[in-house]
Amino acid sequence: GIQVEQSPPDLILQEGANSTLRCNFSDSVNNLQWFHQNPWGQLINLFYIPSGTKQNGRLSATTVATERYSLLYISSSQTTDSGVYFCAVVRSNSGYALNFGKGTSLLVTP
Amino acid sequence: DAGVIQSPRHEVTEMGQEVTLRCKPISGHNSLFWYRQTMMRGLELLIYFNNNVPIDDSGMPEDRFSAKMPNASFSTLKIQPSEPRDSAVYFCASSIDLNTEAFFGQGTRLTVV
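As given, the protein sequences belong to chains A and B, one line each in that order.
Heads up: the first sequence begins at 16 in our numbering, then just goes up one per residue.
Heads up: the second sequence begins at 2 in our numbering, then just goes up one per residue.
The following block holds chain A by itself, in its conformation from the complex:
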């Protein structure tokens, strides 16, 4: 199956700092989503971004499908950004299941 690798696995930031999370995948994809799993376990949609760049407030994401990676940028981090960030992809020509990475665990301290 497809390999989805996220880095870093853990990240501690002070409130107000910026960060970049990376997602590498081993095969071509036709769907990529970023999720935030909050401390209550809820999976919150951040971006549906098979290619290109999108921005939503303090968050933005870029996917370069030809080079098999995606980046999630968090600017001016807040304590409410804490949680686990997952990248998930659908491998091309291989069904429609989302394949999840292991996530980046983010802690933002006051």
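The reader is advised that the hints may include incorrect statements.
[Stated by the list, open to error] Calculated pairs, DSSO-like style, for lysine-lysine (alpha carbon to alpha carbon, straight line, at most 30 Å):
no., chain 1, residue 1, chain 2, residue 2
1, A, Lys117, B, Lys25
2, B, Lys69, B, Lys25
3, B, Lys69, B, Lys79
4, B, Lys79, B, Lys25
5, B, Lys79, A, Lys117
6, B, Lys69, A, Lys117
7, A, Lys117, A, Lys69
[Claimed, not checked] Distance ranges between label pairs, derived from CB positions:
no., chain 1, residue 1, chain 2, residue 2, range
8, B, Thr77, A, Glu30, 40 to 50 Å
9, A, Asn33, B, Gln18, 48 to 58 Å
10, B, Pro82, A, Ser107, 30 to 40 Å
11, A, Ile17, B, Glu102, 16 to 26 Å
[As the list claims (entries may be wrong)] To give a feel for the contact side, a few chain A residues facing chain B, derived at Cβ under 10 Å:
no., residue
12, Asn45
13, Phe50
14, Gly56
15, Leu58
16, Tyr63
17, Leu113
18, Asn114
19, Phe115
20, Lys117
21, Gly118
22, Ser120
No lab work stands behind these hints: they were computed from the structure.
Ideal Cβ positions, reconstructed from N, Cα and C, are used throughout, including at glycine.
Following the hints, position chain B against chain A.
Below, chain B alone, put in the same frame as chain A:
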């Protein structure tokens, strides 16, 4: 829209008992997915449906697991008999069609003792 609705939110059951998890997808969504999250294996697909028809059940662990979608607004995941290793958070997700953005429910935390 209320989003994907799962019930119950928490379930504690004894080994050997039957467990039924329920999901109501977002209205108008034609595709429904069941995922399971554990510490060891992360998030993994169990089964998905399109237009109420099961498309891929290759992720269902064994015959103890079964899933149905009798209509466009309801799906169940049943485990019979349950075992302690089935303890996990089970998520349901829906999307307008296959390979469009998926939205997840709040999950059911299952504990089998």
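Evaluated hints:
no., hint, verdict
1, Lys117/A with Lys25/B, "holds (27 Å)"
2, Lys69/B with Lys25/B, "holds (12 Å)"
3, Lys69/B with Lys79/B, "holds (9 Å)"
4, Lys79/B with Lys25/B, "holds (15 Å)"
5, Lys79/B with Lys117/A, "holds (26 Å)"
6, Lys69/B with Lys117/A, "holds (29 Å)"
7, Lys117/A with Lys69/A, "holds (23 Å)"
8, Thr77/B with Glu30/A: 40 to 50 Å, "holds (43 Å)"
9, Asn33/A with Gln18/B: 48 to 58 Å, "holds (49 Å)"
10, Pro82/B with Ser107/A: 30 to 40 Å, "holds (38 Å)"
11, Ile17/A with Glu102/B: 16 to 26 Å, "holds (19 Å)"
12, Asn45, "holds (6 Å)"
13, Phe50, "holds (8 Å)"
14, Gly56, "holds (6 Å)"
15, Leu58, "holds (4 Å)"
16, Tyr63, "holds (4 Å)"
17, Leu113, "holds (6 Å)"
18, Asn114, "holds (8 Å)"
19, Phe115, "holds (4 Å)"
20, Lys117, "holds (6 Å)"
21, Gly118, "holds (7 Å)"
22, Ser120, "violated (12 Å)"
Against the hints set out earlier in the document, a violation occurs for number 22 only.
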